[in-house]
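*Asks:* Same order as they appear, the protein sequences are chains A and B. Under the numbering used here, the first residue of the first sequence is numbered 1, with each subsequent residue one higher. Under the numbering used here, the first residue of the second sequence is numbered 1, with each subsequent residue one higher.
The hints are simulated quantities; they were obtained by calculation from the structure and are not laboratory data. It is possible that part of the hints are untrue.
If you anchor each label on the Cβ, the simulated ranges turn out as follows [what the hints assert, rightly or not]:
| id | chain 1 | residue 1 | chain 2 | residue 2 | range |
| --- | --- | --- | --- | --- | --- |
| 1 | B | A129 | A | T406 | 39 to 47 Å |
| 2 | A | P224 | B | E3 | 38 to 46 Å |
| 3 | B | P92 | A | L469 | 45 to 53 Å |
| 4 | A | I14 | B | A4 | 44 to 52 Å |
| 5 | A | A470 | B | P123 | 48 to 56 Å |
| 6 | A | L449 | B | G20 | 39 to 47 Å |
| 7 | A | G184 | B | I6 | 21 to 29 Å |
Chain A side only, calculated, beta carbon under 7 Å to chain B, not exhaustive [unchecked claim]:
| id | residue |
| --- | --- |
| 8 | V62 |
| 9 | L65 |
| 10 | L102 |
| 11 | E106 |
| 12 | V109 |
| 13 | L113 |
| 14 | L128 |
| 15 | E135 |
| 16 | L139 |
| 17 | A143 |
| 18 | A146 |
| 19 | N148 |
Cβ coordinates follow ideal geometry from the N, Cα and C atoms, glycine included.
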Amino acid sequence: MNALSQFAPASAEIFLTFAACTVLLVDVFLPDRYRVWSYFLALAAVAGTALVLVATAPAEPVVTLSGAFVADSLSQLLKLFTCAVVAVTFLYAKDYLRARSLFQGEYYVLGLLAMLGIFVMISAHSMLSLYLGLEIMSLSLYAMVAFNRESPLAAEAAMKYFILGAIATGCFLYGTSILYGVTGSLDLGEISRRATALDGLDVHLLVALSFILVGVAFKFGAVPFHMWLPDVYQGAITPVTLFIGTAAKIASLAMIFRVLVDGLGPMHASWADMLAVLAVLSMAVGNVVAIAQTNIKRMLAYSTISHVGFILLGVLAGTTSGYQAAVYYTLAYVIMAAAAFGMIILLSRAGFEAEALEDFRGLNARSPWFAAIMLIVMFSMAGVPPLLGFYAKFSVLAAVIEVGRTWLAIAGVVFSVIGAFYYLRVVKLMYFDEPVEHAPLVAGSDLRLVLSVNGLLVLALGIFPQALLAITAVVR
Amino acid sequence: MIEAVIFYFFGAVLLGAAIGVIASRNPVHSAMFLVLSFFTSAFIWLLLEAEFLAIVLVLVYVGAVMVLFLFVVMMLDVAPDRLQGGFTAYAPQALVIVALVVAMLGVVLWAQPGQLSMLEAPPRAPPDASNTEALGAVLYTEYVYAFELAAVLLLVAIVAAIVLTMRKRPGLKAQDVPAQLAVRREERVRLVRMKPERDE
Numbered sequence: 001m002n003a004l005s006q007f008a009p010a011s012a013e014i015f016l017t018f019a020a021c022t023v024l025l026v027d028v029f030l031p032d033r034y035r036v037w038s039y040f041l042a043l044a045a046v047a048g049t050a051l052v053l054v055a056t057a058p059a060e061p062v063v064t065l066s067g068a069f070v071a072d073s074l075s076q077l078l079k080l081f082t083c084a085v086v087a088v089t090f091l092y093a094k095d096y097l098r099a100r101s102l103f104q105g106e107y108y109v110l111g112l113l114a115m116l117g118i119f120v121m122i123s124a125h126s127m128l129s130l131y132l133g134l135e136i137m138s139l140s141l142y143a144m145v146a147f148n149r150e151s152p153l154a155a156e157a158a159m160k161y162f163i164l165g166a167i168a169t170g171c172f173l174y175g176t177s178i179l180y181g182v183t184g185s186l187d188l189g190e191i192s193r194r195a196t197a198l199d200g201l202d203v204h205l206l207v208a209l210s211f212i213l214v215g216v217a218f219k220f221g222a223v224p225f226h227m228w229l230p231d232v233y234q235g236a237i238t239p240v241t242l243f244i245g246t247a248a249k250i251a252s253l254a255m256i257f258r259v260l261v262d263g264l265g266p267m268h269a270s271w272a273d274m275l276a277v278l279a280v281l282s283m284a285v286g287n288v289v290a291i292a293q294t295n296i297k298r299m300l301a302y303s304t305i306s307h308v309g310f311i312l313l314g315v316l317a318g319t320t321s322g323y324q325a326a327v328y329y330t331l332a333y334v335i336m337a338a339a340a341f342g343m344i345i346l347l348s349r350a351g352f353e354a355e356a357l358e359d360f361r362g363l364n365a366r367s368p369w370f371a372a373i374m375l376i377v378m379f380s381m382a383g384v385p386p387l388l389g390f391y392a393k394f395s396v397l398a399a400v401i402e403v404g405r406t407w408l409a410i411a412g413v414v415f416s417v418i419g420a421f422y423y424l425r426v427v428k429l430m431y432f433d434e435p436v437e438h439a440p441l442v443a444g445s446d447l448r449l450v451l452s453v454n455g456l457l458v459l460a461l462g463i464f465p466q467a468l469l470a471i472t473a474v475v476r
Numbered sequence: 001m002i003e004a005v006i007f008y009f010f011g012a013v014l015l016g017a018a019i020g021v022i023a024s025r026n027p028v029h030s031a032m033f034l035v036l037s038f039f040t041s042a043f044i045w046l047l048l049e050a051e052f053l054a055i056v057l058v059l060v061y062v063g064a065v066m067v068l069f070l071f072v073v074m075m076l077d078v079a080p081d082r083l084q085g086g087f088t089a090y091a092p093q094a095l096v097i098v099a100l101v102v103a104m105l106g107v108v109l110w111a112q113p114g115q116l117s118m119l120e121a122p123p124r125a126p127p128d129a130s131n132t133e134a135l136g137a138v139l140y141t142e143y144v145y146a147f148e149l150a151a152v153l154l155l156v157a158i159v160a161a162i163v164l165t166m167r168k169r170p171g172l173k174a175q176d177v178p179a180q181l182a183v184r185r186e187e188r189v190r191l192v193r194m195k196p197e198r199d200e
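Chain A extracted, bound-state conformation:
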């Protein structure tokens, strides 16, 4: 392989880097009235990246750049999905930012750079590139959380996110350094070989695994490493919450796959039990605490925590069907979360944040169509058939039962039933209560259209689950 062809599998990342720099430079010279061009350029950058991805799709897994980078079917799938999610996030954000005079090109530049970090994490084949990708994503997200500098709540959220994120990264790095001491390599393939040779039960490997898992659980927001999540979701402006709740979750999934499955796969017996504890705690705390929330962003934050529990269930099964279920669940959750946060953006307007549950009161009287969309999304999150969330939960539970961990499946079902309460409460507020607000919804037609498509996708993929199932079947 000559020097340049080594870089070919990373074409999408290279394109994205150049595109982000272009948007950054163009934005500097744009007068304020043409600011919308930064947005169009950012969308074009995402679309271009997707095109480059498709054009350079590898036929079989390629490890290149001295073992630091891998391109396989999993990376291809997650990256394409990230492109779609980021594009939708940018679109939802446009009107919201404009109404609050926060419409700056930096939101899009930071978003593109965070997307680059996510890409790097998805394609990481060494602990070093995984760490660098994680840092690129996290740094961009810290700045995005603090984006609204007038809001003390946002500053507090950014501070918490930053400090707790730094501690999590510290744990991750500490585990990585022990791992390096034991295996003598940062390359995930080499780590896997060495862990197999050590039979996966070596005590130093276990210590390294624990610290790495703490870091991963922090980024994922699994209990007991979830404290940052509700505050960040509430404090950040909704388009940023949307980004953290969707695209960043794909990165967390990629991180868990690369480290635990690709790298420490031989230690499955050890980490499966650790993940089981995290998963049950996440489902319990997430679903129970969400009931007590009056702020819908906080409620969705705790709902995220409970969904993370489900994703971890899929991963810990350790079988192909378990991994497929975890990917399926993550993609399904991302679609649903995008629609839910999109609804908050739709109901908000200049000087008014539709953050309280009360703001959804009587939505049916104000806009039957969007009340129906929200109904679909809430039912789907609760796991009601025939919606997307039902098949996600179903496939995870099936995978868990398949490996004989029936108790985990029972816990999952019980906590889902408890969780159904707060989703249904939103539906009750929308349909059976009198509206307190009568102002018509102000939103651009592009937001209305994409949000409708997003909501209908939850329904359509629920009625025809084969579509998404077929896509996730590429995960080995």
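Fit chain B to the known structure of chain A by using the hints.
*Replies:* Same frame as chain A, but now just chain B:
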């Protein structure tokens, strides 16, 4: 033997300095403790035959980063007495958690002696081996991806810092240089015709 003594001596100083960073009330003292911990880690890196990195640590972190840091700390109006109590307020819970983690690590590590599976230490480099050359040989070849990513990381840091600090505040007093240069005499100087006054 002598190496072990040196290692444990600097390790102990490093730990003490690290505790000093978070325990001292005065931010300037914290910064100085951080300088001390950078110096001692540089010595430990020297023991690991990473001479170039040790020198870079001292030059860049102690020489540049920490000096800048000290400037910032001294310019910020941080009254030490306002920070009092913050450290000890959460100390009980923190100590319990730290004790738990240390105890668990201890149990795990000491319960299974003889299972040390650390890699063999690499052989000593010959006296004329060049650390810098070895780094240079891999930095742009084997680690080019990580190198470029680190560059992007710095770009992110720059963009984030500018986003968070550059803003147009209302009532900001700033010079408008083009307006100052374009000013004309008529706007600044007013000739007043006065009647000559005479002392009566």
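*Asks:* Each hint: holds or not?
*Replies:* Here is what the structure says about each hint:
Between A129 (chain B) and T406 (chain A) the Cβ separation comes to about 59 Å, which falls outside the hinted range of 39 to 47 Å. In this structure the supplied range 38 to 46 Å holds for P224 (chain A) paired with E3 (chain B), their Cβ-Cβ distance being about 41 Å. For the pair P92 (chain B) and L469 (chain A), the beta carbons lie near 51 Å from each other, so the given range of 45 to 53 Å is met. Restraint check, I14 (chain A) to A4 (chain B): a C-beta distance of roughly 47 Å satisfies the suggested window 44 to 52 Å.
Taking 48 to 56 Å as the suggested C-beta distance range, the pair A470 (chain A) and P123 (chain B) conforms, at roughly 53 Å. Taking the beta carbon of each, L449 (chain A) and G20 (chain B) are about 59 Å apart, not inside 39 to 47 Å as hinted. Between G184 (chain A) and I6 (chain B) the beta carbons are some 24 Å apart, a value that agrees with the proposed interval 21 to 29 Å. Hint on V62 (chain A) is violated. Least Cβ distance to chain B is approximately 14 Å, over the 7 Å limit.
Taking 7 Å as the C-beta cut-off, the interface hint given for L65 (chain A) holds, the closest approach to chain B being about 4 Å. Violation of the interface hint for L102 (chain A) is found here, the shortest Cβ-Cβ separation to chain B being roughly 11 Å, above the 7 Å cut-off. Annotation: E106 (chain A) was flagged as interfacial toward chain B, and the flag holds, the nearest CB pair being 4 Å apart, inside 7 Å. Look at V109 (chain A): its Cβ gets to within about 6 Å of chain B, closer than 7 Å, so that hint holds up.
About 5 Å separates the beta-carbon of L113 (chain A) from the nearest beta-carbon of chain B, less than 7 Å, and the hint is met. For L128 (chain A), the shortest C-beta to C-beta distance to chain B is roughly 5 Å, which falls under 7 Å, so the interface hint holds. For E135 (chain A), the suggested interface contact is upheld, since its CB lies about 6 Å from the closest CB of chain B, less than 7 Å. Taking 7 Å as the C-beta cut-off, the interface hint given for L139 (chain A) holds, the closest approach to chain B being about 5 Å.
For the restraint placing A143 (chain A) at the interface with chain B, the shortest Cβ-Cβ distance is roughly 3 Å, inside the 7 Å limit, so the hint holds. With its C-beta approaching chain B no nearer than about 6 Å, A146 (chain A) sits inside the 7 Å limit, and its interface hint holds. With 7 Å as the threshold, the beta carbon of N148 (chain A) stays out of range of chain B, its nearest partner Cβ sitting at about 11 Å, so the hint is violated.
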